[in-house]
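There are 2 protein chains.
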Amino acid sequence: MELPITNFPDAPELKDSLKESAHTKDQPSFKDQRRDRIIQVARSVFYEVGYAGASMSMISNRLGGSKATLYAYFNSKEELFEAIVREQCGEMAALFQRHIGSDDLRSSLTVMARQLMGAVMSDGVIRTIQLVVEESYRNPHLSEMFHNVIQSQGRDNLIGLLQAAHDKGQIDAPNIAEATMVLKSLLFGDCHFKRIMNLAPEPTEGQLHRQIDLAVDVFMTYYGRPTD
Amino acid sequence: MELPITNFPDAPELKDSLKESAHTKDQPSFKDQRRDRIIQVARSVFYEVGYAGASMSMISNRLGGSKATLYAYFNSKEELFEAIVREQCGEMAALFQRHIGSDDLRSSLTVMARQLMGAVMSDGVIRTIQLVVEESYRNPHLSEMFHNVIQSQGRDNLIGLLQAAHDKGQIDAPNIAEATMVLKSLLFGDCHFKRIMNLAPEPTEGQLHRQIDLAVDVFMTYYGRPTD
DNA sequence: GGTGAACCGTACTGTACAGTCTGCTTTCTT
DNA sequence: AAGAAAGCAGACTGTACAGTACGGTTCACC
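The listed protein sequences correspond, in order, to chains H and C.
The working numbering puts the first residue of the first sequence at 399, with every later residue one more than the last.
The working numbering puts the first residue of the second sequence at 399, with every later residue one more than the last.
It should be emphasised that the hints constitute simulated quantities derived from the structure, not laboratory data.
These numbers were taken from a predicted model, which means no experiment stands behind them.
The list makes no distinction among identical chains, and a pair is therefore deemed to hold if it is satisfied within one copy or across any two copies.
With a Cα cut of at most 25 Å, we get these calculated SDA-like pairs of lysine to any residue:
1. Lys592 to Ala571
2. Lys592 to Tyr535
3. Lys465 to Ala450
4. Lys465 to Glu446
5. Lys475 to Leu597
6. Lys592 to Pro572
7. Lys429 to Asn473
8. Lys475 to His539
9. Lys592 to Glu476
10. Lys592 to Gly558
11. Lys475 to Glu446
12. Lys592 to Asn546
13. Lys592 to Arg512
14. Lys592 to Ile574
15. Lys592 to Asn573
16. Lys592 to Glu489
17. Lys475 to Arg536
18. Lys592 to Arg496
19. Lys592 to Gln561
20. Lys592 to Glu477
Can you build the whole structure from these sequences, using the hints too?
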């Protein structure tokens, strides 16, 4: 079922702009930029109709070029999809900057959580998660890739923060991994699951902040030192 | 790609047993039992290869009958899948029996949570969730159906329990819905998400119990009355 | 022993898709 | 200007699948 998306008019424009930027000797090569453009377009198609529902013809049509060109950049649909997930992981990892705990642990946690949650609840990340779930049976290393970013990178940040807080005596959490899990659960709340099930829209900033405040409050009540 | 599952030998046997049971005038008719058998087999196929990966031929082969028979019971692949999800929802709903809080809220919560979590973390339910996620874009009312069970049924039980506890003065939770969300998040923890992403096997009973104990402890520390 | 409903096996139809190939055009390089 | 590299359009191949058609078979029931 080919959607009626007849040759996007912006495709040729882009092509021209690519050529120009090459004249000015920018860092990313033609190929890289074109590759990025393919990933971007393909991602939007996968988002709309899912992995199984997307066809390479659909992608190349919307891209404006020919299928042959598409296959010149990616050897298969699977490889293209993998590149999309990889790129999304990269974007997420870039968001998980390392935080150094301040004296006020509550505000440190809040700042960090806002950053983390904004990323993790966004339409893009949620849709990627859904696609990974769809493909994770056929292609288990996709979820592993995701795991390495979302769990290792994001979680290690949290663990580092909490470990430092524990060492400074701000909290009393002998089992840091467990405490991290509790915090993460409280932060994600109901909402993350609902998002994945397509049962809730992207939360507003206000909703996110309320949820984070509650999570931090519950967490600190359990793990905080009496003096804190 | 047809899997090498040549005509299950048990299919004819079953057919015979169906006929026999009709003689004895059991409640479920031929059709009902046969329908259940189809759902059961189809579910196992969907579990193995996903919705898109499963073909009706594959299902009817494994069933032992012909495709025509399959279509005599279900008008389309989608309808069959919907029946599977509906049945799984029914099974889950049956597990969420109503609990009346005892004087010991901690133990009430623990008992209820063990029941809930055992269901919700099981391979069957998790795999169904994954399939629903896969199809929820094309077929949004599948997730709604799920939502009605897992959220309304399961959650209403929790809400009822907590409301009673609040009324009895066992906890101080002016916003019951919020408290329920906190409890649910703590119970599900990391594990549920990991399960959905195919990153963790079904937890052992010991792991479940530890997680539940921690969740209840955190919850009661925050919401419990000082006297409790 | 005949009738009808359910079922069986399988061939068929129409469609859709991944991936390839070809012949042509544009654009860059030298 | 000439050759090379990349891209374009779209036809083509082979496969897989949803769903249908059909002729033959079983079997309960009359």
